[in-house]
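Turn these sequences into a full structure, and let the hints steer you where they fit.
Residue numbers (our numbering): 35 to 172.
Check before you lean on any hint, since a few could be wrong.
Below, computed lysine-lysine pairings styled on DSS-like, alpha-carbon distance capped at 25 angstroms [unchecked claim]:
id, residue 1, residue 2
1, 40, 153
2, 40, 156
3, 40, 161
4, 146, 40
5, 145, 40
6, 161, 146
7, 156, 146
8, 145, 156
9, 161, 145
These aren't lab readings, by the way, just hints derived from the structure by calculation. What you are looking at is a predicted structure, and each value in this text was computed from that prediction instead of being measured.
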Amino acid sequence: MLRLFKGRLGRGNFLVGILFYVSVILLSGTLLIDVISSITSGISCDYPANYNYPLCGIKIIIFLALLILPLIFAFSSQIRRLHDLGWSGWSFLLLFIPFVNIYYIFSLYFKKGQDEENKYGKTPNIKISLKRILSLDS
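Pasting the structure below:
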């Protein structure tokens, strides 16, 4: 069952998740660079002048998917990490307040979550799991 914004996520899973999301976004960036370099090197994406148009379109769609999906999962991870700290998911908005955002980021990365069960769920398992990071476990 997919539970993107419910439950809690511990520090270890959060940090591994962020590394995973950053690597996928970097991969999508290399795909975008490939599309831009093929356009600027004279291989046009214009149809019907060049038959590479479907390939360019597919690369752009893959780029957008590789960019948007990790951002959704990263947002989900931040919300669940906030739940582990006992904070509301709306605390995510603290990221946009200057100087407060520094405390927010350090709290996400370094502050220990609540030891006992809170209103967002049971204490998260310490074991690092990609299924847990992507909210695919039940």
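The hints, checked one at a time:
1. 40 x 153: holds, 11 angstroms
2. 40 x 156: Measuring from Cα to Cα gives roughly 11 angstroms; hence the hint holds.
3. 40 x 161: The hint holds at about 19 angstroms.
4. 146 x 40: Answer holds: residue 146 to residue 40 is near 19 angstroms, not above 25 angstroms.
5. 145 x 40: holds, 20 angstroms
6. 161 x 146: holds, 15 angstroms
7. 156 x 146: holds, 15 angstroms
8. 145 x 156: holds, 17 angstroms
9. 161 x 145: holds, 18 angstroms
Consistency with the previously given hints is maintained throughout, with no hint failing.
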